[in-house]
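Number of protein chains: 2
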Amino acid sequence: MVTKEEILKAIAPDLEKIETALQQNFQSYVPFVNEVSRHILFAGGKRLRPLLMVLSARLCGKETDPRAYRLSVLFEYLHAATLLHDDVVDQAEFRRGRKAAHHLWGNQAVILVGDFLYSRAIRIAVEEGNMDVLDVISRTTTLMSEGEILQLLNLDNFSLDEDGYYEVIYRKTAVLLSAACEVGAIYAERNHTERELLKKFGEYLGYAFQITDDLLDYTGASKETGKDVGTDFKEGKVTLPFILAAAEASYEDRKRLVELLRDGEPTPQKFEETCQLMAKYRAFEKTKEKARFFVEKALEILANFEESPTRNLLEKIAQFILVRKV
Amino acid sequence: MVTKEEILKAIAPDLEKIETALQQNFQSYVPFVNEVSRHILFAGGKRLRPLLMVLSARLCGKETDPRAYRLSVLFEYLHAATLLHDDVVDQAEFRRGRKAAHHLWGNQAVILVGDFLYSRAIRIAVEEGNMDVLDVISRTTTLMSEGEILQLLNLDNFSLDEDGYYEVIYRKTAVLLSAACEVGAIYAERNHTERELLKKFGEYLGYAFQITDDLLDYTGASKETGKDVGTDFKEGKVTLPFILAAAEASYEDRKRLVELLRDGEPTPQKFEETCQLMAKYRAFEKTKEKARFFVEKALEILANFEESPTRNLLEKIAQFILVRKV
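Chains as they are written, first to last, in this note's numbering: chain A, 295 to 620; chain B, 295 to 620.
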């Protein structure tokens, strides 16, 4: 089985260069902006998105240079901007084990620093001077903002089905991972077959990633994930474990699940009851099977590329999604 | 003296085309996004920014076509996105005479629709496919987000001086008007002298515009402006009338002004007292003189262009800033 240590060792040289580029490219002349940006940017993020861009470029045969790392960080800035705007949106108490930014600085500042990081991301894409990259980025950000809104609107839509859920997570998560991989191919000047393949690879990876995230929100441990467990439950957010449980549940159990999720005063006891009801219908196993399905699809795509250490590493990253606890 | 009716008549044909383009280019497949966008986009905005782009292009000898109007609306979308994020920021009760969006839909939705409009703006610039345009837009949005943050940080900085104030309003207002004019020149393929001139023209116009806005927040009438009068006062926002009064005031009067602006419980009486203290030091006249100074600078720039109906119209728009009440 693939281990975290194994992956971390393989990506260490890239991560180091990504961290340097992250440090170098977000600076504002307003010190406060740097403070908030640093809080969100250097709070133990996995750098998955920049890493995917860099590895995708390498998979396409392009050796990565400082320009590539610089370009890659725009995906982390976009991601950070989303997290900042999502902090307000989600009212999440913890974000990667630290106090959520809006508790430290207030909604106003947090929104504006999100805007700043978003602008920096666009600026980096413009400085790269590649219209194809800009095309991908601008499509992506539009889809992402719609996705966040869809998620908000679906907060108490208890009849959201599996397809509706995929639509939300496509926009919320998959499209950015997809864009990172696609831009890797563009950077490597592989604008046809490889570009399409990597775009799809990132998308499948994104589905698997978000499904696992939503699963861990029920089954993870707060200490390990650094996030509150049960956040989605508290917010009444409809995610795949609920959908898969509700689809199989008896009339009574379904009614109770909706009641629990809708409840204005969530308690640990109610969370526990919800988990038990979901477990009764094997919702967690089934959710994991769905994640595995998308990982398999991602691996199938990679099989189109020649074997190489980079392909091998991307395969391990895809497989790791299924075993990760964080 | 230049009248509103005179200007409105001259700009009517352009405005109509701008309105059409505004309608056509913001559509989301999420109906709720359209609802919020429509609320902010079609609430009686003056369309100053798209208009400036279109007129700048025409001043450079480029006849304006559908593509130009399409490009021009990105400036309105950017402006609307700022207003939406500013709604949360400012807690303003009214915005153009309507309920502020966050009172109708909550902070979360409003932030996200702001993000959507921002993305649409970038998308339009990308679809235009001109790197110079993208360069201007991406610089502008970075400066704007820093400007909003600076303004927030300066909320209770009662030692903010005139230069500090100009720095804030450059980023908050002038840079977007400047970008609209500059992009007009780029669109007309006048990338050298005219581009620099129009960039400066827009900047001066922006200073004059924001200074007048800040003046009207003290001297305007709520019915006419559709905004709360005294909003800046209530928020303790340091603007030019305060700065110019404080610079001349006796020790006692200055102390009182700071007290009034800092006061956690602003009342109409305290607002009245503030206005009287400012009037005592001729702060409103002096603020207006500053606005006039920037309008003069803008007119000097226009003198570099050959006389034409378009130049004449831009001159009138610049002059109108000084007499407008809205």
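Everything labelled a hint here was simulated from the structure, so no lab data went into it. Incorrect hints may have been included.
One copy or two, either will do: identical chains are not told apart, so a pair holds if it fits within one copy or between any two.
Subject to a maximum C-alpha distance of 20 Å in a straight line, what follows is the list of computed SDA-like cross-link-like pairs (lysine to any residue) [to be verified]:
no.: 1; residue 1: Lys531; residue 2: Gly400
no.: 2; residue 1: Lys574; residue 2: Ala543
no.: 3; residue 1: Lys582; residue 2: Glu559
no.: 4; residue 1: Lys531; residue 2: Val324
no.: 5; residue 1: Lys582; residue 2: Ala597
no.: 6; residue 1: Lys549; residue 2: Arg417
no.: 7; residue 1: Lys311; residue 2: Glu529
no.: 8; residue 1: Lys531; residue 2: Phe326
no.: 9; residue 1: Lys591; residue 2: Ser544
no.: 10; residue 1: Lys584; residue 2: Val552
If you're wondering where the values come from, they're calculated on a predicted model, not measured in any experiment.
To see whether the hints hold, each was checked on the structure:
In this assembly of identical chains, the alpha carbons of Lys531 and Gly400 lie at most 20 Å apart only when taken from different copies (17 Å versus 24 Å within one copy). In this homomeric assembly, Lys574 and Ala543 come within 20 Å of each other (Cα to Cα) only inside a single copy, at 9 Å, whereas the closest approach across copies is 75 Å. In the homo-oligomer, the alpha carbons of Lys582 and Glu559 never lie at most 20 Å apart, since the shortest distance is 28 Å inside one protomer and 55 Å across protomers. In this homomeric assembly, Lys531 and Val324 come within 20 Å of each other (Cα to Cα) only across copies, at 19 Å, whereas the closest approach inside a single copy is 36 Å.
Within a single copy, Lys582 and Ala597 get their C-alpha atoms no closer than 23 Å, and across copies no closer than 70 Å, so neither meets the 20 Å cut-off. When the C-alpha separation of Lys549 and Arg417 is checked against a cutoff of 20 Å, the pair qualifies neither within a copy, at 49 Å, nor between copies, at 44 Å. Proximity of Lys311 to Glu529 under the C-alpha cut-off of 20 Å is found in neither arrangement, the shortest distances being 38 Å within a copy and 44 Å between copies. In this homomeric assembly, Lys531 and Phe326 come within 20 Å of each other (Cα to Cα) only across copies, at 18 Å, whereas the closest approach inside a single copy is 33 Å.
Taking identical chains as interchangeable, the C-alpha atoms of Lys591 and Ser544 are never at most 20 Å apart, the minima being 32 Å within one chain and 75 Å between chains. Proximity of Lys584 to Val552 under the C-alpha cut-off of 20 Å is found in neither arrangement, the shortest distances being 22 Å within a copy and 62 Å between copies.
Going down the numbered hints, you'll see the structure goes against 3, 5, 6, 7, 9 and 10, while the others check out.
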